[in-house]
Amino acid sequence: MKPSLSVTLGYSAAMAGAVLIGTSAMSPAQAWEPKRPIEFVIQTSPGGGSDVYARLWIGIIQKYNLSPVPITPVNMPGGGGAVALTHLKSKAGDPHYMTPTLNSVVTTPLQQEIPVMYPSEDLTPIALMSIDPFYLWTNPSKIKTWAEFQEKCKADRLSSTGTGARAEDQVHISLLQHAAGCKDFRYIPAKGGGEVASNVAGGHQDFNVNQPAEAMPHYPDRLIPILGFSKERSTAFPDTPTHWELKVGTDGEYAELMDLENGLHQMRGIIGPPDMPKEAVEWYENLWKKVFETAEWQEFMKNNAQQPIFKGADEYKKWLTTFENNHVKMMRDVFKWPLRSDLRDRNGK
Amino acid sequence: MEAFELLAVGFGALADPARLGFMMLGVILGLLVGVLPGVGGTTGVAILLPVTVFLEPISALVMLAGIYWGSMYGGLITSILFAVPGNPWSVAVMFDGRPMAKQGKAQLAMSIGFTVSFVGAMIASILFTFFAVPFAEMALKFGPPEMFAVLMIAFGTFIGMGGAPAKALIMIAAGFLLSTVGLDVVTGQPRMTFGSIDMLQGFHFVPITIGLFGLGEVLNNAAERYKVQIEDLTKAAKLGLHDITESIRLIMKHWVLALSSALLGFITGILPGAGATPASFMAYGIAQKTSKHPEKFGHGAPEGVLAPEAANNAAGTGSILPMLVLGIPGSPTAAILMAGVFMWGFVPGPRLFTDQPEFVWSFIASLYLANVAAVVICLVATPLLAMMLRTPYAIMTPIIVVLCLVGAYAIQNSMLDVWLVVIFGILGFILRRLEYPLAPLVVALVLGAPTEDALRQSLIMSDGSPWIFLERPVSTPIAIVAILLFLLPLFQMLLRRFRRGSPEQAPGE
Numbered sequence: 001m002k003p004s005l006s007v008t009l010g011y012s013a014a015m016a017g018a019v020l021i022g023t024s025a026m027s028p029a030q031a032w033e034p035k036r037p038i039e040f041v042i043q044t045s046p047g048g049g050s051d052v053y054a055r056l057w058i059g060i061i062q063k064y065n066l067s068p069v070p071i072t073p074v075n076m077p078g079g080g081g082a083v084a085l086t087h088l089k090s091k092a093g094d095p096h097y098m099t100p101t102l103n104s105v106v107t108t109p110l111q112q113e114i115p116v117m118y119p120s121e122d123l124t125p126i127a128l129m130s131i132d133p134f135y136l137w138t139n140p141s142k143i144k145t146w147a148e149f150q151e152k153c154k155a156d157r158l159s160s161t162g163t164g165a166r167a168e169d170q171v172h173i174s175l176l177q178h179a180a181g182c183k184d185f186r187y188i189p190a191k192g193g194g195e196v197a198s199n200v201a202g203g204h205q206d207f208n209v210n211q212p213a214e215a216m217p218h219y220p221d222r223l224i225p226i227l228g229f230s231k232e233r234s235t236a237f238p239d240t241p242t243h244w245e246l247k248v249g250t251d252g253e254y255a256e257l258m259d260l261e262n263g264l265h266q267m268r269g270i271i272g273p274p275d276m277p278k279e280a281v282e283w284y285e286n287l288w289k290k291v292f293e294t295a296e297w298q299e300f301m302k303n304n305a306q307q308p309i310f311k312g313a314d315e316y317k318k319w320l321t322t323f324e325n326n327h328v329k330m331m332r333d334v335f336k337w338p339l340r341s342d343l344r345d346r347n348g349k
Numbered sequence: 001m002e003a004f005e006l007l008a009v010g011f012g013a014l015a016d017p018a019r020l021g022f023m024m025l026g027v028i029l030g031l032l033v034g035v036l037p038g039v040g041g042t043t044g045v046a047i048l049l050p051v052t053v054f055l056e057p058i059s060a061l062v063m064l065a066g067i068y069w070g071s072m073y074g075g076l077i078t079s080i081l082f083a084v085p086g087n088p089w090s091v092a093v094m095f096d097g098r099p100m101a102k103q104g105k106a107q108l109a110m111s112i113g114f115t116v117s118f119v120g121a122m123i124a125s126i127l128f129t130f131f132a133v134p135f136a137e138m139a140l141k142f143g144p145p146e147m148f149a150v151l152m153i154a155f156g157t158f159i160g161m162g163g164a165p166a167k168a169l170i171m172i173a174a175g176f177l178l179s180t181v182g183l184d185v186v187t188g189q190p191r192m193t194f195g196s197i198d199m200l201q202g203f204h205f206v207p208i209t210i211g212l213f214g215l216g217e218v219l220n221n222a223a224e225r226y227k228v229q230i231e232d233l234t235k236a237a238k239l240g241l242h243d244i245t246e247s248i249r250l251i252m253k254h255w256v257l258a259l260s261s262a263l264l265g266f267i268t269g270i271l272p273g274a275g276a277t278p279a280s281f282m283a284y285g286i287a288q289k290t291s292k293h294p295e296k297f298g299h300g301a302p303e304g305v306l307a308p309e310a311a312n313n314a315a316g317t318g319s320i321l322p323m324l325v326l327g328i329p330g331s332p333t334a335a336i337l338m339a340g341v342f343m344w345g346f347v348p349g350p351r352l353f354t355d356q357p358e359f360v361w362s363f364i365a366s367l368y369l370a371n372v373a374a375v376v377i378c379l380v381a382t383p384l385l386a387m388m389l390r391t392p393y394a395i396m397t398p399i400i401v402v403l404c405l406v407g408a409y410a411i412q413n414s415m416l417d418v419w420l421v422v423i424f425g426i427l428g429f430i431l432r433r434l435e436y437p438l439a440p441l442v443v444a445l446v447l448g449a450p451t452e453d454a455l456r457q458s459l460i461m462s463d464g465s466p467w468i469f470l471e472r473p474v475s476t477p478i479a480i481v482a483i484l485l486f487l488l489p490l491f492q493m494l495l496r497r498f499r500r501g502s503p504e505q506a507p508g509e
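Those protein sequences? They're chains A and B, same order as listed. Taking UniProt numbering, I'd label the letters of the first sequence as residues 1 to 349. Taking UniProt numbering, I'd label the letters of the second sequence as residues 1 to 509.
Careful: at least some of the hints might be erroneous.
Said to hold, decoys possible - Below, computed lysine-lysine pairings styled on DSSO-like, alpha-carbon distance capped at 30 Å:
(1) B:Lys292 x A:Lys154
(2) B:Lys141 x A:Lys152
(3) B:Lys102 x A:Lys191
(4) A:Lys144 x B:Lys141
The set of hints was computed from the structure by calculation and includes no laboratory data.
Bound conformation, chain A alone (with noise of 0.2 Å):
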């Protein structure tokens, strides 16, 4: 039922790769364990995207008593992103301290110019919880079909929505525009999901990307799923052709970057500052690993279709640098937005 094979992969590489690592170092590895309450540093106001995670993962680690030492929810909203990764950047080798992540944690660094530029590099990468997958939601009224939207939006310009502006949302719309062919659409930012939704829902634009969580409640009599961008289809909307059927931008120059390994979503991982102690990467990989394996997560995850993927550190980095190195192309090459002046080029990219 559930794509749980790759699940089980990505676990046994990331088990293989620390059993390897940790035979040699078991007893200090076994000897860490957090000294004092760990920051949970997030990202938005209560509430907001990647705050009810943290809170879910915050009362799960509580039930089980995963952890020796309170987790505090810490709330630095502000410049999408940037207050939050720059405190985190600033407690380098200090391992009290994490923060939830969304795809700002990518995007808001290649625009703004703080201290973190590739999260990849510049903290450290702990694990990945799930994989949210975006969905083209359109009002049932307007527009039913992904030919519909297609034949539409190449007469005319068609009106999007998402949240905030040059942020995930407007990055996967302008992809979107760009592999489908569309003409120019019109991008109106909003403050939030909820937001952007009910203007869909509402009719007051013509559709948006996003994930199912915000647009759930308008389903399915003023908001429908036209088209996923995974791999498979959900098993929560199995009538809803994927891009990889519909073959949308998959074998065109922009294959590479509609493909993102998923498909196209918003990463729900953790993130911890820089420099942080082996055994430490090691215990707080375990944590999620027990976080991730709940009853809890995986009732959540399903309740929202998201797909069910864990990366241990290792495997959460190297996907992350990948996923940094086609934001930078996406960004910067194909959409030609202006990204900060001192960016750093990796791999001649």
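Based on these hints, arrange chain B on the given structure of chain A.
Relative to chain A, chain B alone:
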């Protein structure tokens, strides 16, 4: 009627002593956090959100909801007593609540505030109970152009409010200027941050308000050498039911105002992205505009307490409605409650009403019970709260200053906000001495960002044509009302000129 049966189901679900206990615990916690400036219900609910993993959904829901309902009452206390707004939506109540306290009528001001909050919440609860879905459908009709028109009405109600026009204009401009700092929502580019990372978060209006009013007031009192303190001492002595009966009498006398403020609040609360704060400002503005004695506003008019409090509690209740029916949180606190709904595995939406009737209706039932509990606790505590004014200023002042600073830090864990309180505290003191009105700055600061967003969103939709506001069925009438409101002072001026022209009539005011 079906709603009655379902409401009975809700009350039945709450008859469980454990659930009732959790709800009461929530209400009391809410009252406490509501008193702390800056902290407010949002933080209270957020801190306790992880308990949803432990408790069964209904207990957890009514506890979190209880915190929310409770916090809506707590906010006005510090606004009235110390001019330190406990919540953003308790700013408007301060304009007249604080002068009332200075005149020794703190207890009356608080009693009016609590009682009318209850009235507002009850009216909103009844509307919620019977018309949740139609109201939600109405909210969906509001896109960016409609929101802009509504916000224009909010500004329109404030035209001509207090102070010399030129000074008011300067303060409005300053408010707008401050509201533009930070990451621009439309372009994603930083504006006026001067390269500072801290400034990317922008100027949150709560620390600025706390500074201008709370700290500014403290400095002002120090300069006035305890004059206020002595005045308070001699007059705030009476204890007893008198203030409660008097406040009920006043609400009866101004029932039209109370009812219309509550309705206005409820509708504003439902609109996505508006919420209780604009509602309280609008209600205040309208109360002043429609009053027979507009000149008394700002100097302790009871209507100035009554209108914003009726509106903000109704709006607070209303803001839950789109969350439950449409998945759009009408306020930050509603956003956290919605997170809770997701954590329990439910999905907000019309289907929640049919799939989980016990959950939804016990929540609605908690509206009634929690509000009754909150108003009783508040009214009983009023004399005790008013006694705080008797505490010597030498003791009270440091406590207020500490509360201001801690509260500012608590909003988003930022030292910048603490500095803002200090800077704007000093500015507030100076501006007060120079007789610049502070309210227009705060209104412009609070409403500036959403208005700018709505305007720019609308103009993107129309490819730059401003006619969009007059081309859509819902925004057109609202925009016309807004334009008329803006022109009203001009009409009044012309009318006065005209009357002055006729021999026997002298200008009224």
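Each hint, compared with the structure:
1. Restraint check for B:Lys292 and A:Lys154: not satisfied, since their Cα atoms lie roughly 59 Å apart, outside the 30 Å limit.
2. Between the alpha carbons of B:Lys141 and A:Lys152 the distance comes to roughly 23 Å, so the proposed pair stays at or under 30 Å and holds.
3. With a C-alpha separation of about 40 Å, the suggested pair B:Lys102 and A:Lys191 falls outside the 30 Å cut-off, and the hint is violated.
4. Between A:Lys144 and B:Lys141 the alpha-carbon distance is near 21 Å, which keeps this suggested pair within the 30 Å criterion.
The structure does not agree with the numbered hints 1, 3 stated previously, though it agrees with the rest.
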